[in-house]
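> Sequence:
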Amino acid sequence: MRYYLTVLRKYASVEGRAGRAEYWNFVFCNYLISLALAFVEAQLHTHFIVLLYTLAVFLPALAVGMRRMHDVGKYGWYYLWLPGYNIIMACIPGTRGPNEYGPAPVQS
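Per my numbering, residue 2 is the first one in the sequence shown, and the count goes up by one each step.
DEER-style ranges, computed between Cβ atoms:
1. 49 / 93: 36 to 46 Å
2. 96 / 13: 21 to 31 Å
3. 100 / 44: 42 to 52 Å
4. 98 / 13: 24 to 34 Å
5. 99 / 46: 46 to 56 Å
6. 44 / 103: 39 to 49 Å
7. 96 / 47: 37 to 47 Å
8. 107 / 33: 20 to 30 Å
9. 89 / 45: 32 to 42 Å
If you're looking for bench data, these hints aren't it; they were derived computationally from the structure. These numbers were taken from a predicted model, which means no experiment stands behind them. Backbone N, C-alpha and C define an ideal beta-carbon position, used for all residues, glycine too.
Taking the hints into account, I'd like the entire structure generated from these sequences.
Right, dumping it as structure tokens:
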């Protein structure tokens with residue numbers, strides 16, 4: 002949950018780097034929250050709660066994805082334009098030590 006809140010605090014920042022733990026914890030928390038909200042939607046027979054949540058976390062999700070690409074030494078725009086590639090890049094370890102996007106996330 003700590004990583005989820007960290008991503009929300011940096012909601013529009015594409016500066017710096019995001020480690021695998023930060024990125025995947027955010028993805029996992031989003032999945033669980035969306036699942037819970039979908040259950041609530043089903044009980045209330047409505048179809049807008051998950052949509053509102055998705056809109057609310059769109060910018061933070063985009064920003065953390067771009068920072069994750071920075072961690073592996075790639076341009077953040079790869080996250081938008083190369084969907085299959087970005088999944089692979091999100092799984093591999095980041096570059097050790099500082100790179101052109103800043104210090105390694107575990108060091109900062």
